[in-house]
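Colleague: Quick mapping for you: the protein sequence lines, in order, are chains U and E.
Per our numbering, the very first residue in the first sequence carries number 1; after that it's consecutive.
Per our numbering, the very first residue in the second sequence carries number 1; after that it's consecutive.
Calculated from the structure, these hints are not laboratory results.
Treat each hint with caution, since some may be false.
Said to hold, decoys possible - Going by beta-carbon spacing under 10 Å, a handful of chain E positions derived as facing chain U:
#1 Pro122
#2 Ala124
#3 Ala138
#4 Ile155
#5 Leu160
#6 Arg192
#7 Lys284
Heads up, the beta-carbon is just placed ideally off N, CA and C, and yes, glycines get one too.
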Amino acid sequence: MNEILAPPIVPARAAPVPVCFFNERRRFRRMVGRGALLEFVTVGFYRFWLANDMRRHLWSHTAVGGDTLEYTGTARELLIGFLFAVAILAPIYFIYFLLGLEAERYKAFASAPMGLFFYLFAQFAVYRARRYRLTRTVWRGVRFWMTGSGWNYAWRVGLWAIVLIFTLGLTLPWRQAVLERFKMRHTSYGNVHGRFVGSGTDLFKRGWGLWAIMMGLIALPIVLGVSGHGILAGVTAFAPFIAAPFVYPMYKAIEWRWWVDGIQFGEVRFESGMRRADLIGLYWKVIGWLLVIFSAMSTWFGGVVGIAVAVNGFRHTTAQDMAVMMQSATVLAPFAVGYVMAILALWAVTRIYLIHDVWQKVAQSTTVYNLGTAEDVVAEGKLVTALGEGFADSLDVVGF
Amino acid sequence: MTTESDKPDPAPSEAAAGEAAPPHPATSVPAIPQPAEASATPTADVPQPAAPAPETAQLEPPAPHFFNGRSNRKRSATLSLATAGLEIVEDGMLVDVWPYASIRRADGPREVLRLRSVTALPLARVEVFDPALQAAVAARCPALDLGEEKQTWRIVGWSLAAVTSIVLLGVYVVPIVADRLVPFIPQSFERRLGEAVDKQAEAIFGGKRCTAAEGQAAFVSLVDKLKQAGGVDVPLSAAVLASHTPNAFALPGGKIFLLDGLIQKADSPDEIAGVLAHELGHVKHRDHLRQLIQTGGTSFLFGLLFGDVSGAGAVIFASRTLLNASYSREAEQNADDFAVDVMHKLGRSPKPMGDLLLRVTGAQANKSYTILASHPMTEARREAMIKADRPATGAALLSDAQWRSLKTMCGGVAAVPARPAAPARPAPPARSGQGGEEGAGRDPGLSPRGDSDSGADNGG
Chain U
1 MNEILAPPIV PARAAPVPVC FFNERRRFRR MVGRGALLEF VTVGFYRFWL
51 ANDMRRHLWS HTAVGGDTLE YTGTARELLI GFLFAVAILA PIYFIYFLLG
101 LEAERYKAFA SAPMGLFFYL FAQFAVYRAR RYRLTRTVWR GVRFWMTGSG
151 WNYAWRVGLW AIVLIFTLGL TLPWRQAVLE RFKMRHTSYG NVHGRFVGSG
201 TDLFKRGWGL WAIMMGLIAL PIVLGVSGHG ILAGVTAFAP FIAAPFVYPM
251 YKAIEWRWWV DGIQFGEVRF ESGMRRADLI GLYWKVIGWL LVIFSAMSTW
301 FGGVVGIAVA VNGFRHTTAQ DMAVMMQSAT VLAPFAVGYV MAILALWAVT
351 RIYLIHDVWQ KVAQSTTVYN LGTAEDVVAE GKLVTALGEG FADSLDVVGF
Chain E
1 MTTESDKPDP APSEAAAGEA APPHPATSVP AIPQPAEASA TPTADVPQPA
51 APAPETAQLE PPAPHFFNGR SNRKRSATLS LATAGLEIVE DGMLVDVWPY
101 ASIRRADGPR EVLRLRSVTA LPLARVEVFD PALQAAVAAR CPALDLGEEK
151 QTWRIVGWSL AAVTSIVLLG VYVVPIVADR LVPFIPQSFE RRLGEAVDKQ
201 AEAIFGGKRC TAAEGQAAFV SLVDKLKQAG GVDVPLSAAV LASHTPNAFA
251 LPGGKIFLLD GLIQKADSPD EIAGVLAHEL GHVKHRDHLR QLIQTGGTSF
301 LFGLLFGDVS GAGAVIFASR TLLNASYSRE AEQNADDFAV DVMHKLGRSP
351 KPMGDLLLRV TGAQANKSYT ILASHPMTEA RREAMIKADR PATGAALLSD
401 AQWRSLKTMC GGVAAVPARP AAPARPAPPA RSGQGGEEGA GRDPGLSPRG
451 DSDSGADNGG
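Produce the entire structure from the sequences given, and follow the hints as far as they go.
Modeller: Here it is, written out as structure tokens:
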């Protein structure tokens with residue numbers, strides 16, 4: 001048989017192809033809930049296994065052109081990456097300490113700007129962590145991969161942070177565009193190279209209204225207050241807090257859509273049908289759970305204090321007695337347990353709604369064009385270690 | 001061959017090809033392993049239509065797919081279950097043989113069996129859609145799920161072992177290491193430390209040094225006497241700061257600050273002398289340096305444990321505080337012992353220091369925060385000092401005039417008791433302890449607190 005008679009299985013080349021997501025939310029929810037409990041029992045060590053399981057779940061439930069993605073990373077890699085990162089960071093922290101010492105000798109609090117170094121280092125880590133995850137992402141037996149210097153990325157983030165501060169966030173779209181362009185032009189799938197064609201101006205056009213609304217709501221009570229309408233100022237001061245859970249998800253939806261629309265690999269391009277309001281419900285569900293968790297934690301704290309007061313027999317409990325009691329181990333230990341439980345519950349909620357559900361919405365709203373041009377991509381690119389993700393983990397900036 | 005478990009291929013459904021897949025020549029692959037060679041499999045000699053459409057797939061599962069790991073081209077393949085292993089046949093040509101023991105399951109959709117082989121290219125994949133064939137392959141691969149076993153208990157066990165080890169290190173090893181390290185660190189380094197925190201400390205406490213010449217002279221003479229008696233050979237720099245907080249503290253490298261608030265609370269030079277001697281004890285024992293090493297060590301250990309991502313930052317902080325408080329209680333005890341010793345050498349009683357402490361903190365007994373307190377209970381300390389009480393045999397440490405100038409050197413015009421030794425007390429008993437409510441006022445025993453705080457800032 002020759003090649004003409006046995007071609008690869010090709011769908012109609014030009015037809016757009018939707019991205020499919022096979023929803024097994026219940027399974028994901030169980031994984032996350034169990035993971036939270038195990039994180040508690042293992043004092044956090046289980047996080048490596050949980051993160052890896054979550055990625056495997058999401059990747060393997062997402063299909064492009066009928067073939068699901070595959071995540072080939074392992075939890076052991078993450079653990080080793082973290083341990084190496086800690087080992088490397090220890091002397092860096094020490095040097096940071098010595099330099100800080102010299103700065104403080106020169107002038108009180110002069111060492112504060114040195115924290116900037118860690119901000120930039122965190123960006124470096126974020127970039128390297130993305131690179132790690134990408135090289136573990138496989139589709140049709142060929143992996144994604146990434147080049148580019150994490151430091152080149154970090155200083156771009158640093159400069160744009162300054163610009164953002166001076167423009168009150170209005171320049172965010174251009175920052176996102178610059179960073180996405182940087183990431184995507186260093187991203188490849190086999191021998192097909194990626195690029196990002198979204199423009200900052202486009203994102204600005206889609207999102208400036210939200211920015212204006214937020215700025216207006218923040219400015220309103222100030223203006224009212226200055227002009228002497230005290231009560232009105234007090235009432236409207238709440239407006240930004242009520243508006244934020246609407247405005248932020250709307251911005252995120254706009255940004256996702258812009259991001260998906262901007263991604264290209266060779267001839268393959270993507271289009272998102274994400275609507276502006278698509279994510280609002282998810283964020284409100286998180287807020288609802290937040291309230292539930294918070295009330296449970298408050299009840300628990302109240303109960304602990306109540307029992308402590310009853311048991312210790314503080315008949316006339318003064319403020320100072322209370323302060324002393326709050327510091328006793330019998331009160332602190334259950335507090336710590338309740339606090340950690342609440343945090344873990346919160347993490348579980350965000351993992352379900354803001355990772356799984358957002359992922360699902362983004363995937364299901366995406367259409368792929370010209371996928372037929374990526375039918376014979378030659379494998380390229382090497383694996384990288386999880387050290388970058390280890391840095392991100394130890395600096396507390398780990399993304400998903 | 002229509003089984004209920006037949007699911008459509010996850011391919012998008014838009015390409016509904018008109019023709020059904022060709023009938024399989026050998027459709028029956030029994031789940032029970034047969035003589036291996038015999039179990040021929042669905043073949044696809046005829047070119048497949050475009051992505052198998054659901055309608056066709058419901059009738060017949062598509063032929064297996066093969067990705068060779070060098071390109072992403074999706075190849076339609078025939079699998080045959082040979083003795084040597086899984087033979088992958090493409091266009092009638094044998095392209096690879098995967099020994100059964102080398103075959104592993106790769107992540108894929110539930111209804112597809114996706115395979116990889118540890119002997120093949122890492123990303124080479126075979127996808128099997130036909131449930132019967134899936135079962136037949138799975139039955140032959142002994143290591144299909146190797147490495148995927150539930151290892152939860154192992155993870156939990158090792159984590160708990162790691163936690164135990166880290167806690168033991170923090171409680172027992174870190175203090176020993178700090179003790180051993182301190183002698184190797186030159187005095188000059190400690191002085192640099194002191195210079196670094198010195199400006200912060202001054203800024204926090206109002207930053208105004210009291211410089212009235214007579215008061216300063218009295219202060220220096222008192223410090224010098226204590227220094228000689230204690231055998232402290234570190235060059236000292238001591239100063240009085242104009243702050244209402246009743247406290248005194250030492251910084252690394254021999255810097256001692258006495259706050260005016262404490263002078264105002266004191267009734268006699270011996271009270272102040274005891275407190276200063278306690279601070280000298282910290283300087284002599286190099287407690288700051290030791291505490292810095294301990295704080296750094298425990299921070300590192302706990303950071304290792306929690307990694308900070310679990311959002312348990314507050315827990316890290318709490319456990320570190322507990323541990324550091326226990327380190328520092330020991331240091332405080334030693335500094336108290338030193339102070340008692342110095343006062344005895346000068347022929348004075350340490351008891352007035354205990355009185356001053358009690359006056360500043362108020363009674364602390366029956367309050368259950370000993371595990372958190374960085375200093376021992378005031379009552380316990382005072383009791384130790386009363387035990388060490390001796391009639392004065394040495395000369396008064398300051399003359400009346402010197403005492404008065406010390407009391408007024410920050411501009412205070414407080415009534416000064418005429419007889420330093422007499423326990424007459426013009427100020428009301430400090431039960432109210434206005435300073436006692438402020439954080440710094442809680443350790444009028446002169447903690448190495450200025451140092452430990454800055455240590456945490458710089459090191460954390």
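Colleague: Take the hints in turn and mark each one as holding or not.
Modeller: Evaluation of the provided hints:
no. : hint   : result
1   : Pro122 : holds, 8 Å
2   : Ala124 : holds, 6 Å
3   : Ala138 : violated, 18 Å
4   : Ile155 : holds, 6 Å
5   : Leu160 : holds, 7 Å
6   : Arg192 : holds, 6 Å
7   : Lys284 : violated, 22 Å
Consistency note: the structure conflicts with the earlier hints numbered 3 and 7.
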